[in-house]
Amino acid sequence: MNTKQVTDMISLLESLDTGQMYLGDFFHTWKKLDDEITAVFQTAEILRALREMNISTRLFDSGLGISIFRDNSTRTRFSYASACNMLGLEVQDLDEKTSQIAHGETVRETANMISFMADVIGIRDDMYIGKGHRYMQEVADSVQEGFDDGVLEQRPSVVNLQCDVDHPTQSMADMLHVINYFGGIENLKGKKIAMTWAYSPSYGKPLSVPQGIIGLFTRFGMDVVLAHPEGYNVMQDVEQTALKQAEASGGRYQRVSSMEEAFTNADIVYPKSWAPFAVMEERTSLVEEGKWDDLKALEQRCLTENAKYKHWECTEDLMKQTKDGKALYMHCLPADISGVSCTEGEVAASVFERYRVPLYKEASYKPYIIASMILLSRFENPAEKLSMLLENAQLRVR
Amino acid sequence: MNTKQVTDMISLLESLDTGQMYLGDFFHTWKKLDDEITAVFQTAEILRALREMNISTRLFDSGLGISIFRDNSTRTRFSYASACNMLGLEVQDLDEKTSQIAHGETVRETANMISFMADVIGIRDDMYIGKGHRYMQEVADSVQEGFDDGVLEQRPSVVNLQCDVDHPTQSMADMLHVINYFGGIENLKGKKIAMTWAYSPSYGKPLSVPQGIIGLFTRFGMDVVLAHPEGYNVMQDVEQTALKQAEASGGRYQRVSSMEEAFTNADIVYPKSWAPFAVMEERTSLVEEGKWDDLKALEQRCLTENAKYKHWECTEDLMKQTKDGKALYMHCLPADISGVSCTEGEVAASVFERYRVPLYKEASYKPYIIASMILLSRFENPAEKLSMLLENAQLRVR
Amino acid sequence: MNTKQVTDMISLLESLDTGQMYLGDFFHTWKKLDDEITAVFQTAEILRALREMNISTRLFDSGLGISIFRDNSTRTRFSYASACNMLGLEVQDLDEKTSQIAHGETVRETANMISFMADVIGIRDDMYIGKGHRYMQEVADSVQEGFDDGVLEQRPSVVNLQCDVDHPTQSMADMLHVINYFGGIENLKGKKIAMTWAYSPSYGKPLSVPQGIIGLFTRFGMDVVLAHPEGYNVMQDVEQTALKQAEASGGRYQRVSSMEEAFTNADIVYPKSWAPFAVMEERTSLVEEGKWDDLKALEQRCLTENAKYKHWECTEDLMKQTKDGKALYMHCLPADISGVSCTEGEVAASVFERYRVPLYKEASYKPYIIASMILLSRFENPAEKLSMLLENAQLRVR
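Read top to bottom, the protein sequences are chains A, B and C.
Read in order, the letters of the first sequence are residues 8 to 405 in the numbering used here.
Read in order, the letters of the second sequence are residues 8 to 405 in the numbering used here.
Read in order, the letters of the third sequence are residues 8 to 405 in the numbering used here.
Hints listed in this document are in silico derivations from the structure and should not be mistaken for laboratory results.
Please note: incorrect hints may appear among the correct ones.
One copy or two, either will do: identical chains are not told apart, so a pair holds if it fits within one copy or between any two.
Below, computed lysine to aspartate or glutamate pairings styled on DMTMM-like, alpha-carbon distance capped at 20 angstroms [as the list claims (entries may be wrong)]: (1) LYS368 <-> ASP148; (2) LYS138 <-> GLU296; (3) LYS104 <-> ASP78; (4) LYS392 <-> ASP68; (5) LYS368 <-> GLU112; (6) LYS317 <-> ASP68; (7) LYS368 <-> GLU152; (8) LYS368 <-> ASP155; (9) LYS212 <-> GLU237; (10) LYS11 <-> GLU295; (11) LYS368 <-> ASP156; (12) LYS212 <-> GLU112; (13) LYS368 <-> GLU160; (14) LYS368 <-> GLU312.
The following block holds chain A by itself, in its conformation from the complex (with noise of 0.2 angstroms):
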């Protein structure tokens, strides 16, 4: 990448609408209009290239990226880590269990306690169907009162690392992955990609990530194929979204019950494991009740369910079926690899081993996807910032 690429990817980026993204926050994808959406895979091109080209691009003096993490994580931590500290913010995580955080203890004033230096709220809560997405939006309504009320000095952007719907930074770190694996955004017309579910040895993965998949990748043209047994379904409302982003994208969605139709002739194949969305409600009543028996005994019933569908492998069989029998295989890792982190799971271990460069370089987008939320979110022109930077061209290893 040389300077002049990068001058040319910035002024695409001016070209685009992000006006509405200043000061906002990023949580489902499919609210957020075209222009952002290209804007933030350019913008994590262009802060890719100054990086590779050795420039600084922080732009932050000092602040602080807070992060709530409501569930175990590595690889979203250390991506919201690298995009704090690419931008040159310090990451001050809040840990409910070391922190003050009585019972009684309101959302809004933990959120505005939390934000008196924050420029950014990294928030990851997956766990319940009906919560993470909500509490999101209480942690966003909240620090949004307290600039109002004259509490805050600057409103934080909050920046769903995950939720209980959608899974937009991993989202879009694949679909960047996609593009350049392509050659183009322009290239994905037509192209197949299979959103299926598999078995895993575990019960209750998220939905966000399906879901993620199919409300994002419907807006590109693609034939977008969603397949899972039956029972396995994923939140309707997404499922309406794909539908009509599919028709106005010339693209199309559908649901289908095999694995093997999903499959047949795939440009791409995304099997992973996931929770029917049922029972991940039923869940959630459950854990809110105390009801820990009851928990246990949903536990149990799904996972003799789930052994029904061992079957649901993406073996070197499946994949003779895709496209050229080369589908790009994809996951949002940990996979369960079968004879490697389980005895049956997700993949077998050949195809993760042909495909795992692939997976790395999938997950080497999503540092810079933050960054690229956090800077439009903070920036009114991000185009003119990005320029400052390839201008003074500071070095970030001198």
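Got chain A; can you put chains B and C on it based on the hints?
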């Protein structure tokens, strides 16, 4: 706030005698000169103004701010992190659980081992009477010795983030809120503040907040009233200090035995639960001797005793008895709000709700107060440094 | 230290062959060239001089220093944090407990996932024989592969913060202390160092300290003596290396079986507990096989065996037998001090107390040694970079 106003504030700061703060610690407000107290407020306001003007306040290019939290904390943790970040220091937390601090490793050793690159050490240790302050003093003595012996290249400053005796970052943030609320320090003379005990379903809350308030507010010619049920006394030393200071400042300090009396005609009310000093002393002994059954019994006894005073609640009726029914309600947060965070607590929900915004503003001063204490302890000529920041006008967010 | 002196040190550094350190790792000192070892000391001293002159040593505008501590740590954690901060890197800790590292997730995957923006990875993994170094090597191989495959934009350097074989940041800090104590590397020829086992009430302390010492100190023409009770052998490979190095440097390496013999006429004594190599091997197997009862039995057996050697204590009487009764006492800390941190331990309280200040100074070199290792692995021409820092003379504290 404009440049002219900030320049004036810096001039005022320049006129104050802050020489003894340089390379010193901040333990108790009452050990500080009037000029020093004023300087903390002044510096905090200048830092806030600079930040609001988007001017970087980084006085450190690199350096560590160590934190030691011996009790859970959200507010103070984030305030300390904000303060350090604002000045350019990176927080490094000493987590005594994941550290190798063996039984018998001396405070002197640990203090030196963590301080090779430390510019400041913030400590919260408020759990046991006679312990917290002693620990902080020991850390301060140890790093002084380390510096004198040539072990440490710099002598880090210790900042008390709450001990058993005082909570200076809280009381100073509270006071700065009051100063701004009443339009200036000169308007505080004769204003009545009711620092009163209030019922909470928990027991054993630290005494350092009420002690901090009476130990600071009595310096400003105010009418300071402490109210609590019989037996819920605070430390006698601190009351002596409050009395002397009130006299010297032309104010008044008195203790009364009912919330009603304290609230009558008060300009400010600060109703908050705390444990009796005698109980806190007993608790310390029991913990030291490992008498866990006796500790349980003590807790039970205290809860029973506490329950007698459920009527010590900041209700709407009580608020009506304050000056024009409009006293400023204060709290260090989180408050025990009746019907919200507990069944019966320190304050009625409607009162709390009406004061939510001022309460959050009150809390918003803490990062600046901490940053101010750090700055004054690390720079011999703080006014000069702040002028430099203003002139250079390096943007915080580019 | 003045500018002229630092310039001279930089010139000396420039004359050394450090080319192979660039983009490399630091595992064992004995795998490094003499020039490389000298360069680490020289760079550490230059960094210390710059800091003492209040000159910023930030060579990174942004970037991450990853840390992986598989054992509790205070000293090393803070030293690593200090080293990173000094150079401009932000520490991001991989906490394997709050991360999503599932059973079966490969080291290769984790290593890549945390390294997208990493300039350095510091690892402490000293618990099991045959594990620690192997793990570090695997991380290094993985990130090399990731870089070669285009997954990582930079290949982070791995720094051994203590493994089962060597503890290079400790032994190098120790040696720098010795060099300064005796007034220069040229004064070490013929000096006798007694690296001896000592009794501790615990069992299973790592072998990497004694191995690190004999594996490094034998390069300087010293008379290196290892002493331990029968059965408390260290790894044979390391002893072989020590023997060869001693020969090559015109020094001597020998093993004796009593503290008395080792201490006689010694210039330096380093009495410290460790577990027998054979025991550590057995422990590793038992843990691998999950034989917890056998492990308990092993521990009991070792403690009983240890108890036979309580007289292996660094007493005043023993100290009198050293050169002029004034040998330099060394320890990596924390020490088991008789009557202070335990009833009977490695060293008499009065001996420890007399050497407290030198011990703390010994420890103070570690942050600089780590920073030096990082710097030498990230910059092809370190002398040039350090000259630039000296010339620019950007203040660390303004």
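*Intra- versus inter-copy proximity for GLU112 and LYS368 (alpha-carbon distance at most 20 angstroms)*: This pair counts as between: shortest inter-copy Cα distance 17 angstroms, intra-copy 41 angstroms.
*asked:* Please sort LYS368 with GLU160 into within, between, both or neither, judging by C-alpha distance up to 20 angstroms.
replied: Classified as between; 11 angstroms across copies, 38 angstroms inside a copy.
*Have a look at LYS138 and GLU296 and pick one of within, between, both or neither, based on CA distance no larger than 20 angstroms.*
within (14 angstroms within a copy, 42 angstroms between copies)
*At most 20 angstroms between C-alpha atoms: does LYS317 with ASP68 qualify within a copy, between copies, both, or neither?*
This pair counts as neither: shortest intra-copy Cα distance 52 angstroms, inter-copy 50 angstroms.
*Within a copy, between copies, both or neither: where do LYS11 and GLU295 come within 20 angstroms Cα-Cα?*
neither (56 angstroms within a copy, 56 angstroms between copies)
*Since the copies are identical, ignore which copy is meant and state whether LYS212 and GLU112 lie within 20 angstroms (CA to CA) inside a copy, between copies, both or neither.*
Only across copies: LYS212 and GLU112 sit 17 angstroms apart there, 29 angstroms inside one copy, limit 20 angstroms.
*Can you give me the call for LYS368 and ASP148, within, between, both or neither, at a CA distance of at most 20 angstroms?*
Result: close only across copies, 17 angstroms inter versus 35 angstroms intra.
*Tell me, please, which holds for LYS392 and ASP68 at an alpha-carbon limit of 20 angstroms: within, between, both or neither?*
Close inside one copy (14 angstroms) and across copies (17 angstroms); limit 20 angstroms.
*asked:* Within a copy, between copies, both or neither: which one fits LYS212 and GLU237 at a CA-CA cutoff of 20 angstroms?
replied: This pair counts as within: shortest intra-copy Cα distance 17 angstroms, inter-copy 55 angstroms.
_Cα distance capped at 20 angstroms. Does LYS368 pair with ASP156 within a copy, between copies, both, or neither?_
Classified as between; 9 angstroms across copies, 44 angstroms inside a copy.
_As a check of your reading, is LYS104 near ASP78 (CA-CA no more than 20 angstroms) within one copy, between copies, both or neither?_
both (12 angstroms within a copy, 12 angstroms between copies)
*Tell me, please, which holds for LYS368 and GLU152 at an alpha-carbon limit of 20 angstroms: within, between, both or neither?*
between (40 angstroms within a copy, 12 angstroms between copies)
Checked against the numbered hints listed earlier, the structure breaks hints 6, 10 and 14; every other hint is satisfied.
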